Every structure is written in structure tokens, then in C-alpha cells.
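Turn these sequences into a full structure, and let the hints steer you where they fit.
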Amino acid sequence: MKVFIVPPNSLILYDLVERFGHQPLSVMGTLRERVTGKEMESPPLNVTPKDVTKGLKYAGIEVPSGVRGRLAVWGPMIDEAEAAIIMNDTPFTFGCVGCHRTNLMLMYLVRKKNIPVIEVEYPEDEEEAKIMVSKVKTFLEGLK
Amino acid sequence: MIMIAPTSDLTPDQLSRFIHGLGYKITIKETCYGANIEGDKDLIRKIVPEVRKLDPNRIFIKVRAYPIGDERRCRAHHGSRPGFNQMEKEWMDLPLIEAGLCAAESGEKCPERPPRKKLSVEKLVKIAEEETR
Chain R
1 MKVFIVPPNS LILYDLVERF GHQPLSVMGT LRERVTGKEM ESPPLNVTPK DVTKGLKYAG
61 IEVPSGVRGR LAVWGPMIDE AEAAIIMNDT PFTFGCVGCH RTNLMLMYLV RKKNIPVIEV
121 EYPEDEEEAK IMVSKVKTFL EGLK
Chain L
1 MIMIAPTSDL TPDQLSRFIH GLGYKITIKE TCYGANIEGD KDLIRKIVPE VRKLDPNRIF
61 IKVRAYPIGD ERRCRAHHGS RPGFNQMEKE WMDLPLIEAG LCAAESGEKC PERPPRKKLS
121 VEKLVKIAEE ETR
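Heads up: the protein sequence lines correspond to chains R and L, in order.
Just so you know, we're using this note's numbering here: the first sequence kicks off at 1 and counts up by one.
Just so you know, we're using this note's numbering here: the second sequence kicks off at 1 and counts up by one.
Hints in this document: simulated from the structure, not taken from any laboratory.
Please read all numbers here as calculations on a predicted model, not as lab measurements.
Errors might be hidden in some of the hints.
Keeping only pairs whose Cα atoms sit at most 30 Å apart, straight-line, the calculated DSSO-like set for lysine-lysine is [claimed, not checked]:
#	chain 1	residue 1	chain 2	residue 2
1	R	Lys2	L	Lys29
2	L	Lys89	L	Lys109
3	R	Lys144	L	Lys41
4	L	Lys117	L	Lys89
5	R	Lys144	R	Lys113
6	R	Lys113	R	Lys54
7	R	Lys135	L	Lys118
8	R	Lys112	R	Lys2
9	L	Lys89	R	Lys135
10	L	Lys89	L	Lys123
11	R	Lys38	R	Lys57
12	R	Lys112	R	Lys135
13	R	Lys2	L	Lys53
14	L	Lys46	R	Lys137
15	R	Lys135	L	Lys46
16	R	Lys2	L	Lys25
17	R	Lys54	R	Lys2
18	L	Lys118	L	Lys89
19	L	Lys41	R	Lys2
20	R	Lys2	R	Lys113
21	L	Lys41	R	Lys38
22	L	Lys89	R	Lys2
23	R	Lys137	L	Lys41
24	L	Lys29	L	Lys53
25	L	Lys46	L	Lys29
26	R	Lys38	L	Lys29
27	R	Lys137	L	Lys118
28	R	Lys144	L	Lys53
29	L	Lys109	L	Lys53
30	L	Lys109	R	Lys2
What follows is the structure, encoded as C-alpha cells:
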């Protein structure tokens, strides 16, 4: 099954999904096709002005173009997803550097879609990690 | 992208040599955190389970967007590394995930904890006062 992960670039979630026998939908896979493609106009940037327009499918015109540009890449993955795992309170998605607003929008879109979703907390100690991994494992094993 | 947890005894050198030893026609780059491998998708799918067997709960794998040695990211070409803080944080926390995987394997029961409490205003004021002293 195709499992969408939030944050979409998380190593921990990507590994867990693949380890327990599912296909993770991550931003790295999608971006790889973009950054290796010839049509990229300005290579250090990963989105084109066209993408910002495509992002209108997922967010209104009043939403900042940075959020829409990101959603143009992440949105189609949500459309494709058959299940999702959301990891809350990840330290690296905090504030403007982690584009927190896009993450909130992403979580809203995932929750709105009628697919199995599990929400876990980013672990801060061993006990929390044990709870997180066992919840993710049970969820992924139950998807078959 | 293959990342070795800090608790593992495996070194990036051993990992790279092992992958070379498998004899597949792929590109391998040894890095400070493990190795990057690139090649035919079917070959990579064959290699990944072999690599995991080396240290199952201490080796973590994900896809990387940029190709090996890409000038936009490669440090040798002074490329920017915008994802480094995230990778560093996740790498530091891999031993926690390892403990979680070991617990899941052994069937340990992990009772749910009460939800985390938010920081109270009083405590925040106290911290701020301590910092400004």
C-alpha cells in the first residue's frame, strides 16, 4: 500500500514504512524526478512558476506562493495515498524555516481525505520511541 | 541514502566495502553517516535487504532527491545543505528508534502515556527571568 508520511522528508518514517512492507510516498522521490529532469529552469529551486498555479488545487489564492509551490509537489502525493502517518511535534518542522504553515495545511488535507491515518508524537526518550514504533508497526501491519 | 545509527559498531567504510563486495553494477559513495548508493531500481531493491541484514535495527534507509556528487548539494562543490539540520536531528535520535524496534520485535507492551502538557505562562516567565539575570 502507498503510505504518505508527514513530515514528507522524514528518514525515520520512510524507513519504518519500508521496513514493515509498504511503499512510502516521500518528497525525496518526487523531487528526484524534478531535479534530474531537463525542464527545470532554475536548478537550485525545486518548483517552477507553473507549480505555484498548480498549487491552487490545494490552497486558495490568498495563501502565500511558497506554501502553494510546496503543495504543488506534496498535493499529488496525498491524492495518490492509500494511508498516512502523521508525526506531530517534529523539531525540524518548527517555525518559518520548517515552513510550519505548509505542514499544517498538509495535515488538514490528509485528515480530510478518507483514508486510514495514524498520528504519533516525535519521540523525546526511549519510552516514547517504543510507543511510537509499536503504534506505527500495528498500524502498518493492519493495512494489508 | 543509508544511515548508520550512532550506536552501531559498523563503520561507513565497512558498509561501503560490503556493498562493493556484492558485485552489483551500481555507484557507491561512502559518507560520514553511512553511504549513498545509486543505480538500477531493481538492483537497489535487491541490495537494500542485504544491507539491512548487517545491523537490522541500526541501519536506516531512505531515498535521496539529489544524485551522488550533484553540484547543487555536494560539499566538494560548496553546495548548499538545507536538509542538514533535519538529518542531524534524526540521526541523533536513531538510537531511540532502535530501542523501539527492539521492543516491537520482542513483543514488549508499551502502555500509552498521557498527552504532553503545554508550557505554562508562569513557567515561561520564570525561564525568561532566569535567562535575563
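- Taken at face value, is the distance from the CA of R:Lys38 to the CA of L:Lys41 at most 30 Å? holds (20 Å)
- Hinted pair R:Lys113 and R:Lys54, Cα distance within 30 Å: holds (19 Å)
- Do the alpha carbons of L:Lys109 and R:Lys2 lie within 30 Å of each other, as the hint requires? Roughly 28 Å separates the two Cα atoms, so the pair holds.
- Message: Would the hint linking L:Lys89 and L:Lys109 be met if the CA-CA limit is 30 Å?
- Response: Holds, at about 27 Å.
- Task: Would you check the hint for L:Lys89 and R:Lys135, treating anything up to 30 Å between C-alpha atoms as holding?
- Result: holds (22 Å)
- Quick one, are R:Lys2 and L:Lys53 close enough, alpha carbons at most 30 Å? holds (24 Å)
- Message: Holds or violated: R:Lys54 and R:Lys2, Cα atoms, limit 30 Å.
- Response: holds (23 Å)
- Item | Hinted pair L:Lys89 and L:Lys123, Cα distance within 30 Å | holds (26 Å)
- Item | Satisfaction of hint between L:Lys89 and L:Lys117, Cα-Cα up to 30 Å | Holds, at about 23 Å.
- Message: Between the alpha carbons of R:Lys135 and L:Lys46, is the straight-line distance 30 Å or under?
- Response: Roughly 28 Å between the alpha carbons, so the hint for R:Lys135 and L:Lys46 holds.
- Task: Given the hint that R:Lys144 pairs with R:Lys113, test it: the Cα-Cα distance must not exceed 30 Å.
- Result: holds (19 Å)
- Holds or violated: L:Lys118 with L:Lys89, Cα cutoff 30 Å? Given pair L:Lys118, L:Lys89 holds - Cα atoms ~22 Å apart, limit 30 Å.
In this structure, every one of the numbered hints holds.
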